[in-house]
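Given the structure of chain A, go ahead and fit chain L onto it with the hints provided.
So the chains spell out like this:
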Amino acid sequence: MFELSVARKYLTPRWRQLSVSIISLISILVIALVVWLIVVFFSVTYGLERSWINKLIALTAPVRVTPTPAYYRSYYYQIDGLSSASGYGYKSIGEKVLAENSDPYDPQVDEELPKKFPKWDRKDPVKEAFAAIAQFPELKAKDFEMGNANLQLQLVRPAGVSEIRQGIFVGTFPAENPNLTKTLLPVTLADWNTLLLQENAPWISLFEAAQVTQLKPHEHLWNIPHEIYPEKGVFQAIGLSKNGRLTRILVPLNASEAKVMLQELLKNGVEAKMDTLQFQERKPFWDQGPLSPAVAITLTGKIEIPAALKSPSPPRFHVEILVQNQHLQGDVGLFGLQIGAANIQTKDPKNPPLWVYTDAEGQYKLPQDMDRGEGILLPRSYREVGVRVGDRGTLAYVGPSSSSLQEQRANIFVAGFYDPGIIPLGGKFILANPELVNAIRTLSGEDEGSNANGINVYFNDLDQAPVVKKKLEQAFAEKGIAPYWKVETYREFDFTKDLIQQLRSEKNLFSLLAALIIIVACSNIISMLIILVNDKKTEIGILRSMGATSGSIALIFGMCGIVMGVLGSAIGILAAIVTLKNLQPIVGFISRVQGYELFNSHFYGEVLPNELSFTTLGAVILATAFISLIAGLVPAIKASLLRPSAILRAE
Amino acid sequence: MDRSPLLTAKNLRKTFHSPNPIEILKGIDLEVIRGETVAILGRSGQGKSTLLQILGTLENPSDGSLTIAGQEVTVFNKSRIRNRNIAFVFQSFHLLEDYTALENVLMPARIARADLSAQSPARRRATELLELVGLESRAHFNTKLLSGGEKQRVAIARALCNNPDILFADEPSGNLDKQTSQAIHELLLNFAKKENKALILVTHDLDLARLCDKRYILEAGHLTPAI
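In order, the protein sequence lines correspond to chains A and L. Each residue of the first sequence is one higher than the one before, starting from 0 at the first, in numbering that gives the first Met the number 0. Each residue of the second sequence is one higher than the one before, starting from 0 at the first, in numbering that gives the first Met the number 0.
Calculated directly from the structure, the hints in this document are not laboratory data. The beta-carbon is built from N, C-alpha and C at its ideal position, and this holds for glycine as well. There's no promise every hint is true.
[What the hints assert, rightly or not] Calculated pairs, DSS-like style, for lysine-lysine (alpha carbon to alpha carbon, straight line, at most 25 Å): (1) A:Lys536 with L:Lys25; (2) A:Lys8 with L:Lys143; (3) L:Lys77 with A:Lys536; (4) L:Lys192 with L:Lys213; (5) L:Lys77 with L:Lys25; (6) L:Lys77 with A:Lys637; (7) A:Lys139 with A:Lys181; (8) A:Lys282 with A:Lys231.
[Stated by the list, open to error] For the chain A half of the interface with chain L, some residues (derived, Cβ under 10 Å), not all of them: (9) Lys8; (10) Arg15; (11) Gly540; (12) Ser544; (13) Gly550; (14) Ala553; (15) Arg642.
[Stated by the list, open to error] If you anchor each label on the Cβ, the simulated ranges turn out as follows: (16) A:Ser4 with L:Glu218: 41 to 47 Å; (17) L:Thr223 with A:Ile636: 38 to 44 Å; (18) A:Ile636 with L:Asp28: 36 to 42 Å.
Bound conformation, chain A alone:
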């Protein structure tokens, strides 16, 4: 194509048109920079929004069905309070599902109904709602409850015992939720070591659920137990003494470290002496004589002891460690040691562990323990203040009775942590098994008007939420139970609505800004092309004299504009992809330079999420191409309007 070949010639940098080359290079770089910024920003905000929403959905569901006031006023709900078959108590949705009769009232047994008591419309809204949801095979429904209680946790640590008390919300552990994985935090070794330290630690089940591969001392020191003294051998060692009496012998992991260590000790005024420590038939000798058993032989250095479990209760391990190139091996207990590495199982363990796990079908389970009570799941903020898996405590909940306020307590233990993302009440929302939540809610008697009871509807594709909502509303209407239920997508939940709207409006605002910056960046193209047109006036005249139409001339310069815009955005997009691939190191670097975290992990998660948004990418490419075309149009029209006779005559 003639126009393209000429445009290409004009855009190739040349010494003779240095100014044009520099300006075009700057224009392209500015566009690239702007595109880079926009793509990175949108990818991160898109990723953040996705990850926040995923965490949100992990605790609730993409769509929730809650009862309306009409439900609570209905005969169906009210009748339980007057029926002996229901124990004269209102039923939760979960109980309604299990109830044998939709109408438990028995005129023979129960007292007469008041005159203004609502009439029964012969419908069972709960069972029919579940049936309506079951019509769609891709949907899964599970009832949920919420209540409030006081959490009290006791932290038993070697340094002492401390206590945490806080008022919290308790929600049903959403075991069926396919998104749960995204929010659960894995059990750590810190949890494990705390569990081991506890009184009555369930050693057998602990070691069943995890395969220990390494032990390590609490500090860089380990008193070598007699059981693993070698048969024979000579080690470089340092004897520490007080008033001439030997108190301890330090054996560095590597012989070469002994000298440096001695110098350090002497510099600090410690009475120390380097010598060789010898063993014969597991008896240590120092200075020719046998060593008193009261003098500890302490291994120092970065000690990692390969270990295998020998017996679980009390735990003993077979260890084998290389000290100064000589093998020390034998069976040791946990004294002075902690678990250094272990494969902790959370998938289908033989016996239920003390943490959240999945059973053979992949279903999540919150453990219950005869001794400890109910396992609960806490938000991550608790872990940051030192709470660990296995810590025990109680949940206290109060219910009014006719004569007094009655408090009940349930024993609980921490079975894991989840990341609540940025839900406003995230820090105060704990999850427990449905029975416990039901007990709490029933006692506190909260019902009407609150969203404390309802049905979670799960499915995989989040974007389908509005469609699912419409489908359910229609199905409910067909069954005639629409007045009893409110269907909401995650965008409409009372505790997410504001946040999601805020995210959206910020995105809109930045989109507007982005459009403005792209326009400013592309406007550089105008000045560059005007200079180019002036530079190429004679050529334009020559081409016109050879029959090039004014349209062709305009197209040449228009193309120059588009090529610059597209080239700039291509460079920007490439740079953005590279940046996003290396986002973590870059964020880490900036955090180090500025001295504090660039993105607070409470809000953004441990790893800054990002997801390349193809909509943004498409929009940016189209916008730059379009704006550069418009920018190129002004000089292009100017070029096409030049009269060849005037140019050639001037020459």
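Positioned in the frame of chain A, the structure of chain L alone reads:
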């Protein structure tokens, strides 16, 4: 031999309006037939170049009509006529810089969107034309590296690329020495005679004018035949 008129100009007028209106051409009538060579003479400032540019469709006349190769020139067919029916050779060569000699010669074909692949007729013709002007060895030279005479020969080869009916030349040898000028004149005149095309040139060079079939003098806006 076909002696039909290739160019017919009737009552061509041109008035420049700034700063004061000056009518520089006052009704020019001209007919040029195939194979004819025409020289337009005149003192400087008489409007020779303007007339040539009007005849070559680069400039619009204030009044009058112009027909080239049977087509009345309008705004809509000007570019096509320039590309297919006429060509120019300028005093200052007007080659495209940053292009090689061959690329320059091929440009009219490129504008006509002809096939330019290695074995295409257009490329063959361009090579032949460079041979004709004796510059086949310079085909891949950048035009900046050529001498004045060579540049003008490339310009002639380029003008002939799309095989035009009329060749317009404005002082084609104005910037060249005598010997080179003669070679250029020969090329131009031969083209008209051999290919049965028309040549219209503006010149001060009486020797060149004498070689043409017809000579006109432009004076006071009127074109009068000269002997």
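Status of the hints after comparison with the structure:
In summary, the hint linking Lys536 of chain A to Lys25 of chain L is not supported, as the alpha carbons are separated by about 31 Å, beyond the 25 Å threshold. The hinted pair formed by Lys8 of chain A and Lys143 of chain L meets the criterion: a straight-line CA distance of about 16 Å does not exceed 25 Å. As the CA atoms of Lys77 of chain L and Lys536 of chain A are separated by approximately 20 Å, the hinted pair is consistent with the 25 Å bound. Annotation: proposed proximity of Lys192 of chain L to Lys213 of chain L holds, straight-line Cα distance about 14 Å (limit 25 Å).
For the suggested pair Lys77 of chain L and Lys25 of chain L, the alpha carbons sit about 23 Å apart, so the restraint of at most 25 Å is met. About 20 Å separates the Cα atoms of Lys77 of chain L and Lys637 of chain A, which keeps this hinted pair within 25 Å; it holds. Under the criterion of a C-alpha separation no larger than 25 Å, the hint pairing Lys139 of chain A with Lys181 of chain A is consistent with the structure, at around 18 Å. Between Lys282 of chain A and Lys231 of chain A the CA atoms are separated by roughly 8 Å; this keeps the pair inside 25 Å, and the hint holds.
The restraint placing Lys8 of chain A at the interface with chain L holds, with a minimum CB-CB distance near 6 Å, inside the 10 Å limit. The restraint placing Arg15 of chain A at the interface with chain L holds, with a minimum CB-CB distance near 8 Å, inside the 10 Å limit. With its C-beta approaching chain L no nearer than about 8 Å, Gly540 of chain A sits inside the 10 Å limit, and its interface hint holds. A hinted interface residue such as Ser544 of chain A counts as satisfied when its beta carbon comes closer than 10 Å to some beta carbon of chain L; here the least separation is about 5 Å, so the hint holds.
Given the 10 Å rule on beta carbons, the hint for Gly550 of chain A holds: about 9 Å separates it from the nearest Cβ of chain L. Contact between Ala553 of chain A and chain L, as hinted, is not supported at the beta carbon level, the nearest pair being about 13 Å apart and thus beyond 10 Å. Interface restraint check for Arg642 of chain A: the shortest CB-CB distance to chain L comes to about 8 Å, inside 10 Å, so the restraint holds. In this structure, Ser4 of chain A and Glu218 of chain L meet the distance hint of 41 to 47 Å, their C-beta atoms being roughly 45 Å apart.
Checking the proposed 38 to 44 Å range against Thr223 of chain L and Ile636 of chain A shows it holds: the Cβ atoms sit about 43 Å from each other. A hinted range of 36 to 42 Å holds for the C-beta pair Ile636 of chain A and Asp28 of chain L, which are about 37 Å apart.
Comparing the model with each numbered hint stated earlier shows that hints 1, 14 do not hold.
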